[in-house]
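Following the hints, position chain B against chain A.
There are 2 protein chains.
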Amino acid sequence: MSNQIKVGIVGYGNLGRGVLEGIKKCPDMELVSIFTRRSPEGIAVNDKNVKVLHISEAENYKDQIDVMILCGGSATDLPEQGPQFAKMFNTVDSYDTHAKIPDYFAAVDQAAKESGKTSIISVGWDPGLFSINRLMAEAILPAGENYTFWGKGVSQGHSDAVRRVEGVKGAVQYTVPIDEAVEKVRSGVNPTLSTAEKHLRVCYVVAEEGYDQAKIEETIKTMPNYFADYITEVHFVSEEELQVNHSKLPHGGFVIRGGQTGENNKQIIEFSLTLDSNPEFTSSVLVAYARAAYRLNKEGQAGAKSVFEVAPVYLSPKSPEELRRDLL
Amino acid sequence: MSNQIKVGIVGYGNLGRGVLEGIKKCPDMELVSIFTRRSPEGIAVNDKNVKVLHISEAENYKDQIDVMILCGGSATDLPEQGPQFAKMFNTVDSYDTHAKIPDYFAAVDQAAKESGKTSIISVGWDPGLFSINRLMAEAILPAGENYTFWGKGVSQGHSDAVRRVEGVKGAVQYTVPIDEAVEKVRSGVNPTLSTAEKHLRVCYVVAEEGYDQAKIEETIKTMPNYFADYITEVHFVSEEELQVNHSKLPHGGFVIRGGQTGENNKQIIEFSLTLDSNPEFTSSVLVAYARAAYRLNKEGQAGAKSVFEVAPVYLSPKSPEELRRDLL
Chain A
29 MSNQIKVGIV
39 GYGNLGRGVL
49 EGIKKCPDME
59 LVSIFTRRSP
69 EGIAVNDKNV
79 KVLHISEAEN
89 YKDQIDVMIL
99 CGGSATDLPE
109 QGPQFAKMFN
119 TVDSYDTHAK
129 IPDYFAAVDQ
139 AAKESGKTSI
149 ISVGWDPGLF
159 SINRLMAEAI
169 LPAGENYTFW
179 GKGVSQGHSD
189 AVRRVEGVKG
199 AVQYTVPIDE
209 AVEKVRSGVN
219 PTLSTAEKHL
229 RVCYVVAEEG
239 YDQAKIEETI
249 KTMPNYFADY
259 ITEVHFVSEE
269 ELQVNHSKLP
279 HGGFVIRGGQ
289 TGENNKQIIE
299 FSLTLDSNPE
309 FTSSVLVAYA
319 RAAYRLNKEG
329 QAGAKSVFEV
339 APVYLSPKSP
349 EELRRDLL
Chain B
29 MSNQIKVGIV
39 GYGNLGRGVL
49 EGIKKCPDME
59 LVSIFTRRSP
69 EGIAVNDKNV
79 KVLHISEAEN
89 YKDQIDVMIL
99 CGGSATDLPE
109 QGPQFAKMFN
119 TVDSYDTHAK
129 IPDYFAAVDQ
139 AAKESGKTSI
149 ISVGWDPGLF
159 SINRLMAEAI
169 LPAGENYTFW
179 GKGVSQGHSD
189 AVRRVEGVKG
199 AVQYTVPIDE
209 AVEKVRSGVN
219 PTLSTAEKHL
229 RVCYVVAEEG
239 YDQAKIEETI
249 KTMPNYFADY
259 ITEVHFVSEE
269 ELQVNHSKLP
279 HGGFVIRGGQ
289 TGENNKQIIE
299 FSLTLDSNPE
309 FTSSVLVAYA
319 RAAYRLNKEG
329 QAGAKSVFEV
339 APVYLSPKSP
349 EELRRDLL
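Protein chains in written order, with this note's numbering: chain A, 29 to 356; chain B, 29 to 356.
Hints were generated in silico from the structure; no laboratory data involved. There's no promise every hint is true.
You can't tell identical chains apart in this list, so a pair holds if it fits in one copy or across any two.
In the DSSO-like style, the derived pairs of lysine-lysine whose C-alpha atoms are separated by at most 27 Å in a straight line are [as the list claims (entries may be wrong)]:
no. : residue 1 : residue 2
1   : K243      : K141
2   : K276      : K294
3   : K52       : K346
4   : K90       : K34
5   : K326      : K90
Next comes chain A alone, as it looks inside the complex (with noise of 0.2 Å):
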């Protein structure tokens, strides 16, 4: 029998993808096989070795998944799946309906306490390594701010929304920092910035024909929440420009503390992340949290988790030793 960590992976979209090339990337680890809801034989998978399963399957392999990756979304998908597959296995996942993480979390703890299983939620890079920081940064250094800027990257709710406008037949939104937002921030005077203060908002967009684009613009530019508030740019393209410049799902962002010690020394702690990829990313971040759940759960360390409660050596697949001798 194979010392691999046995996955299995719960819904087959940009996540679920990404986690497969993931894991493919880990020799310590093992794809056992996909669940999804639909039909199996209609999922397309590049590698014919991997194997593709009903959803309702997945209870025939509770002995033989060491942990489960849940890939759906946070709206309706994982409220449902989290507790019940912690019933079941060793999870993670990327939920992230920020004001709703207090309840999903006490569901999926019971759930997981209850099956002797361990369950990390919320897992991803915001909420996730962002997370991290920000709580690291002010753990460090007490007097100070905390800032978080999200871009170069592409809202899938702003672009949604821009979609939903008359007349548009294509849209991609970006959410781009403000570099003198920034550079403010990095400059250690900690100013007091709302989010639209800190972000411009950029849409690519196709026309129907026979539409009034000074008046789309318009529409766009005074949306209420989305872009009302913002400093917002407009551009048409046509559907050619939108396909091949603006199809990829890039993303990034900066945690950024401005802190003080001693008599007002400046001290600034920055992490950022600058991706091409935004869902491969967050499987990568999702794949060694599996790696980590399962090896807690050895550990007997059964419930649910965030990211702040796992130690960074249980990421990894070196051992300790290793780890302090070529990382430290």
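Using the frame of chain A, we list chain B on its own:
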């Protein structure tokens, strides 16, 4: 009895002073005493309420101190004090002789396990926060390369080397990351770079009267190990200028990982520090990990740990619930 964590400081140099300042910013902590090898009367502390005792009295405080922050140096102080204090107290230290970390860990681990105490070693920013970022970035992006840049900052060892040159009255050496190298790494091309290709060495030197500056410059630039392999700049300045412009101890640096996911999507993770005061920042990290040592010990986790074995949650004075709600 107060609920505060009761802290002791061993050694009162730059680091000890920084720890004293750091504790003042933590309402959940209380300083019991500074312990020194010097004559306690000779130690000038700004705050009259701070107790200063001879180090030989520390053992009488076993029941009154929750965690001892060891502020001695790695060359001679810590190899002795680390294991010695771990026999009596929970400890944190900033041991930074990379090559000897495994031996030091073993010695402290044995002492701490015998006493049932918890000791976190090699705490600070490198080793410390930089190490955590190297580990996590590598675990998340297994296909990729780590780069560490130091500076712009004062290197104490290199400054001392310049001061030993005949005819040098005073000197400060800055290690400066080379911009082109940083930008290359940030672009994700993963270049091969030696330490010398990543860093410039800039020296500010006060010459004694009657010495040939050209000769001093030549001696510095050709000094083996320290400067010969580097691009080195030597600037002669007056004693006043050295005092006014170069008496602070700024430092910082970057840990950058360039990784690839899927079909060659570039993913860049960067962690950086820009510090007005290197010792005060290191001290702030020590204080946060002192909180962790105390809590880990309360949970029965005795023995030596590195920062790799400490989950972020232990560093913050906030509860896990608060952290999940506000920072996740």
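**OP:** Could you check the structure against the hints above and give me the numbers of any it violates, in ascending order?
**Re:** 1
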